[in-house]
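*Asks:* Residue numbers (this note's numbering), protein chains in the order written: chain A, 8 to 159; chain B, 8 to 159; chain C, 8 to 159; chain D, 8 to 159.
To be clear, the hints were calculated from the coordinates, so they are not data collected in a lab. Incorrect hints may have been included.
Claimed, not checked - Here are the computed lysine to aspartate or glutamate pairs in the EDC-like style, where the Cα-Cα straight-line distance is at most 16 Å: (1) C:14 - C:114; (2) A:14 - A:153; (3) A:14 - A:158; (4) B:14 - C:79; (5) D:14 - D:114; (6) C:14 - B:79; (7) D:14 - A:79; (8) D:14 - D:106; (9) A:14 - A:106; (10) A:14 - D:79; (11) B:14 - B:153; (12) B:14 - B:138.
To be verified - From the derived model, a few chain A residues whose C-beta atoms are all more than 12 Å from chain B: (13) 11; (14) 13; (15) 64; (16) 75; (17) 78; (18) 97; (19) 99; (20) 154; (21) 158.
Beta carbons are placed, not taken as given, at the ideal position from N, Cα and C, and that holds for glycine.
There are 4 protein chains.
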Amino acid sequence: MDYRHRKRIGVIGGSRAGKDALRAAEEVGRLVARRGGVVVCGGLGGVMEAASRGAKEAGGLTVGILPGNRPDEANPFIDLPLATGMGYTRNSLVAMNADVLIAVDGEYGTLSEIAFGLVYGRRVVGIGTWDIPGVESAASAEDAVERAFRER
Amino acid sequence: MDYRHRKRIGVIGGSRAGKDALRAAEEVGRLVARRGGVVVCGGLGGVMEAASRGAKEAGGLTVGILPGNRPDEANPFIDLPLATGMGYTRNSLVAMNADVLIAVDGEYGTLSEIAFGLVYGRRVVGIGTWDIPGVESAASAEDAVERAFRER
Amino acid sequence: MDYRHRKRIGVIGGSRAGKDALRAAEEVGRLVARRGGVVVCGGLGGVMEAASRGAKEAGGLTVGILPGNRPDEANPFIDLPLATGMGYTRNSLVAMNADVLIAVDGEYGTLSEIAFGLVYGRRVVGIGTWDIPGVESAASAEDAVERAFRER
Amino acid sequence: MDYRHRKRIGVIGGSRAGKDALRAAEEVGRLVARRGGVVVCGGLGGVMEAASRGAKEAGGLTVGILPGNRPDEANPFIDLPLATGMGYTRNSLVAMNADVLIAVDGEYGTLSEIAFGLVYGRRVVGIGTWDIPGVESAASAEDAVERAFRER
Chain A
8 MDYRHRKRIG
18 VIGGSRAGKD
28 ALRAAEEVGR
38 LVARRGGVVV
48 CGGLGGVMEA
58 ASRGAKEAGG
68 LTVGILPGNR
78 PDEANPFIDL
88 PLATGMGYTR
98 NSLVAMNADV
108 LIAVDGEYGT
118 LSEIAFGLVY
128 GRRVVGIGTW
138 DIPGVESAAS
148 AEDAVERAFR
158 ER
Chain B
8 MDYRHRKRIG
18 VIGGSRAGKD
28 ALRAAEEVGR
38 LVARRGGVVV
48 CGGLGGVMEA
58 ASRGAKEAGG
68 LTVGILPGNR
78 PDEANPFIDL
88 PLATGMGYTR
98 NSLVAMNADV
108 LIAVDGEYGT
118 LSEIAFGLVY
128 GRRVVGIGTW
138 DIPGVESAAS
148 AEDAVERAFR
158 ER
Chain C
8 MDYRHRKRIG
18 VIGGSRAGKD
28 ALRAAEEVGR
38 LVARRGGVVV
48 CGGLGGVMEA
58 ASRGAKEAGG
68 LTVGILPGNR
78 PDEANPFIDL
88 PLATGMGYTR
98 NSLVAMNADV
108 LIAVDGEYGT
118 LSEIAFGLVY
128 GRRVVGIGTW
138 DIPGVESAAS
148 AEDAVERAFR
158 ER
Chain D
8 MDYRHRKRIG
18 VIGGSRAGKD
28 ALRAAEEVGR
38 LVARRGGVVV
48 CGGLGGVMEA
58 ASRGAKEAGG
68 LTVGILPGNR
78 PDEANPFIDL
88 PLATGMGYTR
98 NSLVAMNADV
108 LIAVDGEYGT
118 LSEIAFGLVY
128 GRRVVGIGTW
138 DIPGVESAAS
148 AEDAVERAFR
158 ER
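If we strip away everything but chain A, and leave its shape as in the complex, we get (with noise of 0.2 Å):
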C-alpha cells in the first residue's frame, strides 16, 4: 500500500466524450496500471470513469479530485474520491497532485487543466486534444504511456 512512491497520472478529459476518446482513456488507464501507477483525474464520467474503469480492470489505485462535496458523486471505479466542493476550480488541483497528465480529448474544462500542468511544470502528453506549445503529442494509448514514464 505503498503509493506515495508510485507515478501518479492524471487522466484528463470531458465528462462527455466519444467511443475512440472513451476507448483510448480506458486504455491508459489500464496500461497505467499496469505499471504500477496510480491514476488521479477528476472523478466523475466520460473520460475520466473510462480511465478509471481501465485502471481498476488491472488492479490499479484511482483517486478522483471531485468539484462538488460528496465523496458519492464520483464514478464507481474511483477507490480514493476526494471532494473538494470548490467546483471547477479543482482542476488546478488535479494537475498539481499528478507527475504527469495525459489529455484525451476535451473541451475549456480539459485545456484549463492542461494549461495548470504546464504552469506546474509537468509533462503533459496528449490524445487528440488541445493543441498547444508543449504539449507532447501522442499516437496512440501505449505511446502516451510509454512517454508518461519515460524520465525526462
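Given the coordinates of chain A, work out where chains B, C and D should sit on it, guided by the hints.
*Replies:* Same frame as chain A, now just chains B, C and D:
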C-alpha cells in the same frame, strides 16, 4: 460607489510582457474605466499592473484577486486587493468574477484563465494572445473594449 | 476611491440571527463606515446583511465574499460581491481579507471564521458570540468598533 | 484496495503537541486502522504524524490533505499525499473528507476543523481538545475510536 451594477472586465495576461502588450493593457484599462467598468485582474505586475494603472489614471476602480495571502503584494494601482492564499488556483476566481475577459498576450497562466472564462460562459476577447476557438480576436485595445461592452 | 489604505473590518455572524444581533450588526456596520472603514463579510443575509445595510446607510463600502459562483446571490447592500464557488471553504478568505474581525452572535460557520482570524493573527472582537480564548469581548457595537480601530 | 467503502476518520490536532496528545493520536491511528478505517489528516507533523504512524503500524491507509503544493511535504507515514496549495484554507477539505472527526488537543487550526466538521454535519469526538457544544468528549483513544465507529 455602486460598483455592483458596473460591468466588470477581467484583464488577464502575464506578469512579464513586452512593451506592446503593456501599452495595449494600459489602454484597455483606461478605456474600461472611461466607460464606467471595473477592472478585475490577478493584482500583480506586467499586464495586470499596466491595466490597473490605465484604469486608475482614468479614475476607475481596480480589483486584484491575489495568489498570496497578503493584500500588500498587489501592484500599487489596485484599489481593492483580495488575498486568496491559493496560488495559481485563484485564476479560476479571476474568470468567475468578470463579466467579460480581455486577454493580452500571456502564457500558460493566462491560458488557464481563458479556459475558465469559456467554461463559465464568459465572452473572451483577445489581443495577441492564445488562439483558442471561442476567443474573439481584437485588432486593438479600442476594438477589444468596444467588443467587451457590446451586448451579446 | 482609495480603499486600499482604509481599515477592513470583517463582520461575521450567522445568516439567521435574532433581533438584538441584527441591530448590533447594523450598528457595527454604520460605525465602521463612519470611521472610514470597509466592511468585509460573507455577503449573504442575517448578520452579514444587517452590517452591510448599516455601512451603506453611512456611505461606506461593503465587500461580500460569497460561497456561490454568482455575484447576484449577494445581499442588496453589497457594493462589491466576490464569487468564490467554494461554499463554506470561503470562510477562510473572509478572515484573510479583514484587518480585524467583529463577530456578532453566530453558529459553527462563524466559529470557523473566528478560528481562521486567530490562525491568521487577526484581532477578533466579539459581541454575544463564541467564548474562545483570544476573542475580546465587547459590551456593545460602539465598544466593538472602538476596539477594532484601536491600535494594538 | 476498495478504500471507498471504508470509514474515513479525520484525525485533527496541532503540528506541535505534548507527549500525551501524541501518544493518544498514535493510538487513535492504530485503532482506526485495526477496524479497517482510513485515516484522513492534514498530512504534517505532530498529531497528524502520530496518527499516521499508528495507522501505518497497524497496516492501515493514510491520506494527507496538505497546505502546500508539494506532496513531499507530507510526513513519512502518509500513503496518499494530496497537495492543495491553499494553506490553512485546506482545513475545510480535511473536515469535508472525513465521515467522523477525532480531535486531539489542538489550537486554532484544529478549532477551524472542528467548526467545519460541525458545519458539514459530521460527528466530532474530542480528546483533550476545544470544549465546543456538539463535540463529544472521549475519555481515551479507545473510547474515541469506539464512538467514531458507532452508528449514530
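*Asks:* Please flag the earlier hints that this structure goes against, numbers listed from lowest up.
*Replies:* 1, 5, 12, 18, 19
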